[in-house]
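S.K.: Listed here are the chains, written in short residue letters.
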Amino acid sequence: MDPLQEILRQVVGYVYPNEIELHWGLLIVIYPYITGLVAGAFILASLVRVFNVRELQPTYRLSLLTALAYLIVAPLPLLAHLGHPERSYEIFITPNPHSAMAMFGFVYAWYLTVVLLLEIWFDYRKDLVVWSQQPHGWRRWVHRLLTLGVTDISAQSLGFDRSAGRFITIIGIPSAFLLHGYVGFIFGSVKANPWWSSVLIPIVFLFSAIVSGIALMLLFYLLGTLLRSKAVDMACMDKLAMFLFYALVLDFSLEMLDFIHRLYEAEESIHILSLLVSGRLFLSLVILQAFLGTLIPLLILGLISPALRRGGMVNLPDELRRLLYVGSAVLIQIGIFSTRWNVVIGGQLFSKSLRGLTVYKMQLLGMEGLFAAAALLILPLVLLLVLIAMLPPWAEAETHPTGA
Amino acid sequence: MPPQLTRLLIVFAVLASGLVAARHFLLPKTFGESGHYRTAAVEAITKQPVRYAGREACALCHPDIVEIHRKGNHQTVACEVCHGPAAAHVESPSDHQLPAPRERGYCPLCHGYDPSRPTGFPQIEPVAHNPLKPCISCHNPHEPRPPHVPEDCRACHGQIARMKAVSPHVQLACTRCHETPERHKTAPREARPDKPRTREFCGACHAQGASSPKEIPRIDLATHGGRFLCWQCHYPHQPELN
Amino acid sequence: MKDEGPQPEASGEKIYADRRAFLRTCAQGASAVLFILQPRQGEAAYSPRDHFYGMGIDIAKCIGCGRCADACKKENDVPREPFYFRTWVERYMINDQGETTVDSPNGGIAGFPAATNEKGMLRTFFVPKLCNHCANPPCVQVCPVGATFATEDGVVLVDKDYCIGCRYCIQACPYGARFLDPRTRTADKCTFCYHRVVKGLLPACVEVCPTGARVFGDLRQRSSPLERFMRMNKLQVLKPSLNTGPKVYYASLDGEVR
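For the record, the sequence lines run as chains A, B and C.
Residue 1 is where the first sequence starts when you use the numbering used here, and the numbers rise one by one after that.
Residue 1001 is where the second sequence starts when you use the numbering used here, and the numbers rise one by one after that.
Residue 2001 is where the third sequence starts when you use the numbering used here, and the numbers rise one by one after that.
Be a bit skeptical, because a hint or two may be false.
Said to hold, decoys possible - Lysine to aspartate or glutamate pairs mimicking EDC-like chemistry, simulated, CA-CA at most 20 angstroms apart:
{"id": "1", "chain 1": "C", "residue 1": "Lys2160", "chain 2": "B", "residue 2": "Glu1033"}
{"id": "2", "chain 1": "C", "residue 1": "Lys2074", "chain 2": "C", "residue 2": "Glu2152"}
{"id": "3", "chain 1": "C", "residue 1": "Lys2199", "chain 2": "B", "residue 2": "Glu1190"}
{"id": "4", "chain 1": "C", "residue 1": "Lys2119", "chain 2": "B", "residue 2": "Glu1240"}
{"id": "5", "chain 1": "C", "residue 1": "Lys2074", "chain 2": "B", "residue 2": "Asp1095"}
{"id": "6", "chain 1": "B", "residue 1": "Lys1133", "chain 2": "B", "residue 2": "Glu1143"}
{"id": "7", "chain 1": "B", "residue 1": "Lys1029", "chain 2": "C", "residue 2": "Asp2161"}
{"id": "8", "chain 1": "C", "residue 1": "Lys2061", "chain 2": "B", "residue 2": "Glu1190"}
{"id": "9", "chain 1": "A", "residue 1": "Lys361", "chain 2": "C", "residue 2": "Asp2181"}
{"id": "10", "chain 1": "B", "residue 1": "Lys1071", "chain 2": "B", "residue 2": "Glu1190"}
{"id": "11", "chain 1": "C", "residue 1": "Lys2239", "chain 2": "A", "residue 2": "Glu267"}
{"id": "12", "chain 1": "B", "residue 1": "Lys1071", "chain 2": "B", "residue 2": "Glu1143"}
{"id": "13", "chain 1": "A", "residue 1": "Lys361", "chain 2": "C", "residue 2": "Glu2081"}
{"id": "14", "chain 1": "B", "residue 1": "Lys1047", "chain 2": "C", "residue 2": "Asp2254"}
{"id": "15", "chain 1": "B", "residue 1": "Lys1029", "chain 2": "A", "residue 2": "Glu86"}
{"id": "16", "chain 1": "B", "residue 1": "Lys1185", "chain 2": "B", "residue 2": "Glu1125"}
{"id": "17", "chain 1": "C", "residue 1": "Lys2160", "chain 2": "A", "residue 2": "Glu86"}
{"id": "18", "chain 1": "C", "residue 1": "Lys2160", "chain 2": "B", "residue 2": "Glu1240"}
{"id": "19", "chain 1": "B", "residue 1": "Lys1214", "chain 2": "B", "residue 2": "Asp1194"}
{"id": "20", "chain 1": "B", "residue 1": "Lys1047", "chain 2": "C", "residue 2": "Asp2161"}
{"id": "21", "chain 1": "C", "residue 1": "Lys2199", "chain 2": "C", "residue 2": "Glu2081"}
{"id": "22", "chain 1": "B", "residue 1": "Lys1047", "chain 2": "C", "residue 2": "Asp2077"}
{"id": "23", "chain 1": "C", "residue 1": "Lys2239", "chain 2": "C", "residue 2": "Asp2254"}
{"id": "24", "chain 1": "C", "residue 1": "Lys2199", "chain 2": "B", "residue 2": "Glu1043"}
To be verified - What follows is a set of in silico ranges between Cβ atoms, one per label pair, in the way DEER data are often shown:
{"id": "25", "chain 1": "C", "residue 1": "Met2232", "chain 2": "B", "residue 2": "Arg1218", "range": "39 to 49 angstroms"}
{"id": "26", "chain 1": "A", "residue 1": "Leu257", "chain 2": "C", "residue 2": "Arg2228", "range": "48 to 58 angstroms"}
{"id": "27", "chain 1": "C", "residue 1": "Arg2049", "chain 2": "A", "residue 2": "Pro97", "range": "21 to 31 angstroms"}
{"id": "28", "chain 1": "C", "residue 1": "Val2237", "chain 2": "B", "residue 2": "Gly1032", "range": "26 to 36 angstroms"}
{"id": "29", "chain 1": "C", "residue 1": "Arg2049", "chain 2": "B", "residue 2": "Ala1021", "range": "30 to 40 angstroms"}
Just so you know, these hints were derived from the structure itself, not from any lab.
Ideal placement from N, C-alpha and C gives every residue a C-beta, glycine not left out.
When you get a sec, could you build the whole thing from the sequences and use the hints?
M.R.: What follows is the structure, given as structure tokens:
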């Protein structure tokens, strides 16, 4: 039985015949989710670097490596979903200057090479040189390659690294905003689709990216510390939770503004969008995104983190606070993933005739199936482990040059 | 310049020139000649085979049928509507015979009653209209003039007929209100039926003092409706029930 | 007078002009004969710059027979499954409660099932749909690689040998006129039967429309069926608020249609 025939039977109201098939599936849900994590992790790192938030220092290098691991994976779901992945090079050869999507290659290349790789390189350069001069181990060959043959680690040279790194971070912040705001623009600029078409979408994407990035780094920092049997720096955790709370408040306010604005303007599309939200998106939008993914974490973080009052509104022992932070961060990840789902899938569930709803049938196997998506979500973790092995981000691995 | 910066610039220069070189070799030949696309694509689309030969193609070999068809009620219906794409048949007539739909199910695609069709378009009720007989046993599809003039108005005004059938006006014949020249049956657009021209026409049944059965709703012609004719507000084919 | 001098020459010029006109008429006649015999001969002379195509659709003439959708699939080898249409016919039914029901079973190719709510029906009609070949096409705007484009004669086409299959154009089309061809995994849509039009033939849907509800023509010609259609009717386009500049013009279009 053709799966499309099955979908045809579940269509409610009238859907243009070409719209019965949903064109952007699970992989395109993953794409903004992953780029969001990249932008979020990077912005967290720049908090340390540019705004001198000392407490967050333990997460700085880990955030950069996480951003890199996810950034490497970010184009893969796009590539896998193309009808002709082998033609993807065309986007670099003949980019259409009017197309938001054509800019992807350039925004991505800029962010990867100019921002992230350079920042990591300048930050690690001294360590790379020292590590490459170790007498044993195969890793020193990789490190030697990564030094690009520059072995100067004089104080003057390292001073240049520091100011270069700082300069790149300052470029990096607008770049991270650009990267994820741009992903939002891909959706927000589709005037044919009233669910997407909104100037707020890029900004909402950006703040949800920051939320998801900070929540992810909270989890990774804790996991990394516990796995190495080191003491968890609660000052760092509290600071993360605090910034997470602030970002979440902003994100939630913007989402509510968008929601209220739509409701108040009540344009032609309001009827079908109400049906969508109260029906096919109820679980993923109202329950997962709004309630579990936003309101509950807001409540927890507002009460126990030092965001509103030093020491928290409710003073809890470290262990319990840590546990609740983890719980909130996990809920936030689920919420942000639902956000991406609701934008991407939700925007295609209703017909552009505004008269009917179709359904999304997720496949299990195949390039655009559940397993492929799961693999793409696990891949950055594997990459991160490799990166951590090659470029240990922990404080104890840092080398302190003599005489500096 | 610090050595690390020099080294980076070299790396970036290599990458950038690689990209420029790749672009040079990968750029499709006809891209950008007349816009941001491959002109070759337009040529490829132009070469797509033609399947429908067009209505002029048939006349060369079938002048007799085309002559009948040209003057009849089906003159706007191209041969290929019923006979299907004919380009292959034009190329080699004997190798590609064209089908002719003879079954009763085909003609109702256009002529089966459907309220969404424009009023006046000839429609029949396939269940009731000479059941089981193939359409072509009475109608020549190339000139489907009915074998005799339509007996009643339903033949072309099915939608109105069906409305009236369930309305309080069911007992009234169409001609009671519409004075219809006989020629309307053969030249419907040239000789049109009339409509009631006075309020008194409806008043014959609906006026306060009319000598009609007392169940019929009454109004006071002097005060009701002002300067309008009755059918300018009411729809006599299906008048409101209260 | 000075102008007298060149007079004989001028009249000679006139004779030559007449002769040229005569020869041109002969050549046109001959090429017309050739054209009927071998329609593909006309190809070389086609210049896209001299044309700008559009279509007119008269809702009041459409009988919903679906021959256009059927012929389109046959002419252009569109997959027969009911999920891929370059053109299709919708049926609108608006009842006396103001509720609107729309359907298009298999694009109208096999006709429409009997209307169930005929009694409370206020108005009902058919609406043929197809790519609007917008003057300001959002699909072309979003294509990242230049695989969909508007030609000089105003037709929006897809380069299926260059399309990467990202489907952004499908998302950007407000009219649902695009689909992904499951065989080539590239975007596909109405071409106004470009391969026919450049040979002087009509698009297949216009060719087979039995009531003349579809009118095809050249907006750059002073006298074309479309020019006449646009002169004689009050016109409307679909979703004008989106400023896509559709070149499919509807006469007698109802406000409920979108």
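S.K.: Please go over all the hints and tell whether each is borne out by the structure.
M.R.: Going down the list of hints, with the structure as the test:
Proximity of Lys2160 of chain C to Glu1033 of chain B is assessed by CA-CA distance (about 18 angstroms); at most 20 angstroms being required, the pair is judged to hold. Only pairs whose Cα atoms come within 20 angstroms are accepted, and Lys2074 of chain C paired with Glu2152 of chain C is rejected, the gap being roughly 27 angstroms. A C-alpha spacing of about 38 angstroms is found between Lys2199 of chain C and Glu1190 of chain B, which places the hinted pair above 20 angstroms, so the restraint is violated. Between Lys2119 of chain C and Glu1240 of chain B the alpha-carbon distance is near 12 angstroms, which keeps this suggested pair within the 20 angstroms criterion.
As the CA atoms of Lys2074 of chain C and Asp1095 of chain B are separated by approximately 19 angstroms, the hinted pair is consistent with the 20 angstroms bound. The suggested pairing of Lys1133 of chain B with Glu1143 of chain B holds, with an alpha-carbon distance near 18 angstroms, which does not exceed 20 angstroms. Among the hinted pairs, Lys1029 of chain B with Asp2161 of chain C is consistent with the structure: their alpha-carbon atoms are about 13 angstroms apart, no more than 20 angstroms. This hinted pair checks out: Lys2061 of chain C and Glu1190 of chain B have alpha carbons roughly 18 angstroms apart, not beyond 20 angstroms.
Our distance criterion of 20 angstroms between C-alpha atoms is met by Lys361 of chain A and Asp2181 of chain C, whose separation comes to about 19 angstroms. About 17 angstroms separates the Cα atoms of Lys1071 of chain B and Glu1190 of chain B, which keeps this hinted pair within 20 angstroms; it holds. Simply put, Lys2239 of chain C and Glu267 of chain A have alpha-carbon atoms about 14 angstroms apart, close enough for the 20 angstroms limit, and the pair holds. Pair hint Lys1071 of chain B plus Glu1143 of chain B holds up; C-alpha atoms about 8 angstroms apart against a cutoff of 20 angstroms.
With a C-alpha separation of about 18 angstroms, the suggested pair Lys361 of chain A and Glu2081 of chain C falls inside the 20 angstroms cut-off, and the hint holds. Proximity of Lys1047 of chain B to Asp2254 of chain C is assessed by CA-CA distance (about 38 angstroms); at most 20 angstroms being required, the pair is judged violated. Between Lys1029 of chain B and Glu86 of chain A, the direct Cα distance comes to roughly 18 angstroms. Compliance with the 20 angstroms bound is thereby established for this hinted pair. In summary, the hint linking Lys1185 of chain B to Glu1125 of chain B is supported, as the alpha carbons are separated by about 18 angstroms, within the 20 angstroms threshold.
This hinted pair checks out: Lys2160 of chain C and Glu86 of chain A have alpha carbons roughly 14 angstroms apart, not beyond 20 angstroms. Of the supplied pair hints, the one linking Lys2160 of chain C and Glu1240 of chain B is violated, its CA atoms being roughly 57 angstroms apart against a limit of 20 angstroms. A C-alpha spacing of about 28 angstroms is found between Lys1214 of chain B and Asp1194 of chain B, which places the hinted pair above 20 angstroms, so the restraint is violated. Note on Lys1047 of chain B and Asp2161 of chain C: the hinted pairing holds, with a Cα-Cα distance of about 14 angstroms set against a maximum of 20 angstroms.
Restraint check for Lys2199 of chain C and Glu2081 of chain C: not satisfied, since their Cα atoms lie roughly 29 angstroms apart, outside the 20 angstroms limit. Taken as a hint, the Lys1047 of chain B and Asp2077 of chain C pair is honoured in the structure, with Cα atoms around 14 angstroms apart against an allowance of 20 angstroms. Among the hinted pairs, Lys2239 of chain C with Asp2254 of chain C is consistent with the structure: their alpha-carbon atoms are about 12 angstroms apart, no more than 20 angstroms. Pair hint Lys2199 of chain C plus Glu1043 of chain B holds up; C-alpha atoms about 13 angstroms apart against a cutoff of 20 angstroms.
Hint check: Met2232 of chain C to Arg1218 of chain B, Cβ distance near 45 angstroms, so the stated range 39 to 49 angstroms holds. The hint said 48 to 58 angstroms for the Cβ distance between Leu257 of chain A and Arg2228 of chain C, and at roughly 51 angstroms that hint holds. The hint said 21 to 31 angstroms for the Cβ distance between Arg2049 of chain C and Pro97 of chain A, and at roughly 24 angstroms that hint holds. Between Val2237 of chain C and Gly1032 of chain B the Cβ separation comes to about 31 angstroms, which falls inside the hinted range of 26 to 36 angstroms.
In this structure the supplied range 30 to 40 angstroms holds for Arg2049 of chain C paired with Ala1021 of chain B, their Cβ-Cβ distance being about 35 angstroms.
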